[in-house]
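Dock chain B against the given chain A, drawing on the hints supplied.
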Amino acid sequence: GENVEQHPSTLSVQEGDSAVIKCTYSDSASNYFPWYKQELGKRPQLIIDIRSNVGEKKDQRIAVTLNKTAKHFSLHITETQPEDSAVYFCAASIAGSGGGADGLTFGKGTHLIIQP
Amino acid sequence: DTEVTQTPKHLVMGMTNKKSLKCEQHMGHRAMYWYKQKAKKPPELMFVYSYEKLSINESVPSRFSPECPNSSLLNLHLHALQPEDSALYLCASSQDAYRVDQPQHFGDGTRLSIL
Numbered sequence: 001g002e003n004v005e006q007h008p009s010t011l012s013v014q015e016g017d018s019a020v021i022k023c024t025y026s027d028s029a030s031n032y033f034p035w036y037k038q039e040l041g042k043r044p045q046l047i048i049d050i051r052s053n054v055g056e057k058k059d060q061r062i063a064v065t066l067n068k069t070a071k072h073f074s075l076h077i078t079e080t081q082p083e084d085s086a087v088y089f090c091a092a093s094i095a096g097s098g099g100g101a102d103g104l105t106f107g108k109g110t111h112l113i114i115q116p
Numbered sequence: 117d118t119e120v121t122q123t124p125k126h127l128v129m130g131m132t133n134k135k136s137l138k139c140e141q142h143m144g145h146r147a148m149y150w151y152k153q154k155a156k157k158p159p160e161l162m163f164v165y166s167y168e169k170l171s172i173n174e175s176v177p178s179r180f181s182p183e184c185p186n187s188s189l190l191n192l193h194l195h196a197l198q199p200e201d202s203a204l205y206l207c208a209s210s211q212d213a214y215r216v217d218q219p220q221h222f223g224d225g226t227r228l229s230i231l
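Protein chains in written order, with our numbering: chain A, 1 to 116; chain B, 117 to 231.
So that you can see chain A by itself, here it is in the shape it has in the complex (with noise of 0.2 angstroms):
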């Protein structure tokens, strides 16, 4: 199955500095993949995602870029203000065995404390 690696596992940036996070992933299936911040207490919840067929999406502060050749993708927040402490979560979705809808394997987290 699939197996996603996420580093660094905690990461303490200055307010206004940029932050990133990277992911590997092991299966060249997987053709989606999520990025979902988790503030404690709380349910996850969708920042970005990019698909396989790009390579870069932005949206304001952050972006994600993919390499689909070296099977990694990597998060980027750039003027981190301190609302962006939270932990990070990167995940790889694969076709099922019917080619429909599949769950996530997640990464195993980030914690990002922005420090003012």
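Hints may be right or wrong, so weigh each one.
[To be verified] Derived DEER-like restraints, expressed as beta-carbon distance ranges: (1) A:P8 - B:S175: 41 to 51 angstroms; (2) A:S12 - B:H142: 18 to 28 angstroms; (3) A:Q14 - B:N133: 24 to 34 angstroms; (4) B:H195 - A:V20: 38 to 48 angstroms; (5) A:K42 - B:V176: 19 to 29 angstroms; (6) B:Q211 - A:N53: 34 to 44 angstroms; (7) B:A196 - A:V20: 41 to 51 angstroms; (8) B:K154 - A:S12: 23 to 33 angstroms.
Hints are computed from structural coordinates only; laboratory data are not their basis. These figures come from a predicted structure and were not determined experimentally. Backbone N, C-alpha and C define an ideal beta-carbon position, used for all residues, glycine too.
Okay, now just chain B, sitting in the frame of chain A:
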């Protein structure tokens, strides 16, 4: 506000009890999922329903029994659970059961404690 609603928010039960977790969405999504999340860990997939049919069971013990009565509802029936089953149980849904690149939207979860 989340569009996937889970009840109850908290549940405490003994190992001999039978209880059910409920999940509801009215977005017309045709794929629904159960995940289990332990503290400081990522969500782990348990079950996937596509068009109200169980399509994936990730080798979950039989003390967890999913049910999808209709396209808007997903239940998880619990019986004879163990203390290690204490966790946050998350429900999610996505629009198209035949595409894997659809965003999954999560509910707030049910925090389950087994005494």
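Right, here's what the structure says about each hint:
1. A:P8 - B:S175: 41 to 51 angstroms: Violated - the Cβ-Cβ distance for A:P8 and B:S175, about 30 angstroms, lies outside 41 to 51 angstroms.
2. A:S12 - B:H142: 18 to 28 angstroms: violated (40 angstroms)
3. A:Q14 - B:N133: 24 to 34 angstroms: violated (49 angstroms)
4. B:H195 - A:V20: 38 to 48 angstroms: holds (45 angstroms)
5. A:K42 - B:V176: 19 to 29 angstroms: holds (24 angstroms)
6. B:Q211 - A:N53: 34 to 44 angstroms: violated (19 angstroms)
7. B:A196 - A:V20: 41 to 51 angstroms: Given about 45 angstroms between the Cβ atoms, the range holds.
8. B:K154 - A:S12: 23 to 33 angstroms: holds (24 angstroms)
The structure fails to meet hints 1, 2, 3, 6 from the earlier list, while all remaining hints are met.
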